[in-house]
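Asker: One-letter residues, chain by chain:
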Amino acid sequence: MATLVWRIARHGVIMLTIVLLGGFLSATFMRLAPGFDVDEREMDPHLNAASIQAVREEHTQNRNIVRYYAQSLAKALHGDLGTSISLGQPVAALLKERLPLTLRLVALGLGMGWAAALALAMSAACVRLVSYDVASTLLSGLFLCIPAAVLALLSVLWNLPGALAIALIVFPRVYRYARNLLSKAYSLPHVTTARCKGLGELRILFWHVIPVAGPQLLALAGVSVSMAVSAAIPIEALCGLPGVGQLAWQAALSRDLPLLTSIGVLITLVTLLANSSTDVIGQAMGSQKA
Amino acid sequence: MNFWQKLAGCILLLVVCLSLAAGWLAPAGYAYQDRENAGAPPSHQHWLGTDDLGRDRFARILYGTRISLLLAPAAALISTLLAAMIGGFAGYAGGIWQRAATAITDLFLSLPWLFLLIAVRALMPLNISPLESVTVTFSLLGLLGWTAAARVLCAAGASLRDSDFVCQARASGVRNSRLFWIHVLPNMAPVLLAQFWISIPVFILSEANLGILGLGVAEPLPSWGSLLRELEGMISIGDEPWKLAPLALLVVVVTCFQIVLSNQQEVAA
Chain A
22 MATLVWRIAR
32 HGVIMLTIVL
42 LGGFLSATFM
52 RLAPGFDVDE
62 REMDPHLNAA
72 SIQAVREEHT
82 QNRNIVRYYA
92 QSLAKALHGD
102 LGTSISLGQP
112 VAALLKERLP
122 LTLRLVALGL
132 GMGWAAALAL
142 AMSAACVRLV
152 SYDVASTLLS
162 GLFLCIPAAV
172 LALLSVLWNL
182 PGALAIALIV
192 FPRVYRYARN
202 LLSKAYSLPH
212 VTTARCKGLG
222 ELRILFWHVI
232 PVAGPQLLAL
242 AGVSVSMAVS
252 AAIPIEALCG
262 LPGVGQLAWQ
272 AALSRDLPLL
282 TSIGVLITLV
292 TLLANSSTDV
302 IGQAMGSQKA
Chain B
40 MNFWQKLAGC
50 ILLLVVCLSL
60 AAGWLAPAGY
70 AYQDRENAGA
80 PPSHQHWLGT
90 DDLGRDRFAR
100 ILYGTRISLL
110 LAPAAALIST
120 LLAAMIGGFA
130 GYAGGIWQRA
140 ATAITDLFLS
150 LPWLFLLIAV
160 RALMPLNISP
170 LESVTVTFSL
180 LGLLGWTAAA
190 RVLCAAGASL
200 RDSDFVCQAR
210 ASGVRNSRLF
220 WIHVLPNMAP
230 VLLAQFWISI
240 PVFILSEANL
250 GILGLGVAEP
260 LPSWGSLLRE
270 LEGMISIGDE
280 PWKLAPLALL
290 VVVVTCFQIV
300 LSNQQEVAA
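Those sequence lines, one after another, are chains A and B.
Here my numbering is used: the first residue of the first sequence is 22, the next is one more, and so on.
Here my numbering is used: the first residue of the second sequence is 40, the next is one more, and so on.
I should point out that these hints are in silico values taken from the structure, not numbers from a laboratory.
Cβ coordinates follow ideal geometry from the N, Cα and C atoms, glycine included.
Treat the hints with care, as some may be off.
To be verified - Rough simulated footprint, nothing fancy, chain A against chain B, three-plus residues with beta-carbon under 8 angstroms:
{"hint": "1", "segment": "114–126"}
{"hint": "2", "segment": "149–157"}
{"hint": "3", "segment": "290–296"}
Hey, can you work out the whole structure from these sequences and the hints?
Answerer: Here it is, written out as structure tokens:
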């Protein structure tokens, strides 16, 4: 138990460090981008010299990226994530408004993608027919070769839900690994023995194959969250879905430093949380088995 | 190489040859606008019809293929070299170098690839010449795509550092630099080569994603990404199926790469 707590604590510290560095990286990229200091308001003929000077001073404060990031973090601890430059709204409110849609989209896409991949991989491993295996590999290979943005455009064209596009992105990658893992597990001697003893296919699958492939499938689940989050950006941008992905897209195009930094931190946090959770669950399962 | 890998290799070779012969197969070029035939369906004059500006779609696909297929390997070369320098060296050196390299790769890997790419590409100037846009797009792919390869090479470097022949060479008094260049690096060649090859389809797809989002190669230069943008304005696939030609070619090429590289992926892992 103490080991597990220590592992969780260590994961937490590493995660926090990477999240903070992820945010700093996003802020640095923004700061180094050409045209960062340019503000359209400076060309507004309605503003007087004092107002333009105030706009310039606003940018001067953001020039030192370390100071800017430290100040932002201090404010973030009090729940203030700043104000979006392009949308003129508080970043926290924007994220709160848009996050549920993205989470729902990603969760649905992951669920559908995993269900399809596991069903196909398990049936391919159980049936063990070359033609079935080739057909399922071709199907997954086809989706592997189509860019995420094209799937988004096709889903708009055919009026399909955005979650399906995410599922089609997750499906081939998960299927490929799951099929290999299950095939390897099926070729183990204890599975052959079980089959020789006349055990049913379902019992072999759930009692002798899944427990072997389980930890690696769990690790794959963590990685697939990153895939789904990544895919959500073009899908939301092209399908017109008002989620965090679309917000990230708009923030990047309008060089909105506070918004992009917060989204960078959020995305890093979600990715790391998914990976760390699967790591910890996998380790806990491993220590229980031992 | 089995039969399917040979077939896929031949198809790839054919596509590369066709794209290199673009000047001969489509003499009008990718930018010539036949305004009287804008948005025309396939005909003897324009095999795959024309786009909204009257540009020959077949010519644009050939030139776009040339750009994507020539520059994706260039980006893969940059990323593999970076991965070898950072990951390979850190793995071989061990200690703090390895820990630092692992931390940096973890940091980059924690940001989803497409988010990182879109964010950084969007921060670059968008109103630039077509040639500059090609350079920026593919350089970014190369400069940001090294992390996954670096992790594999770091592990390969670490295993070579502890191998018997390196220990023996070190015990014989071989200098560190000579050890790295003469004994370690040549042994990393298969992994490096595998990483280089498997990066190519990844970069082709990434460029296509960027192109569709309007962050790829700028007009009038064609690339698969910019050609796929045409799908955005489609109302029905059944009415104009020839508009799917760039997508079909992209799927064929990436599938062929996957088939040819199926052995390389095992080496890279």
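Asker: Run every hint past the structure and note whether it holds.
Answerer: Verification of the hints:
Coverage of the segment 114–126 of chain B by chain A is violated [criterion: at least 3 residues with CB-CB distance below 8 angstroms; count 0]. For the segment 149–157 of chain B, the stated coverage by chain A holds: 7 residues have a C-beta nearer than 8 angstroms to a C-beta of that chain, and at least 3 were required. Note: the segment 290–296 of chain B has 3 residues with beta-carbon separation from chain A under 8 angstroms; the three-residue rule is met and the coverage holds.
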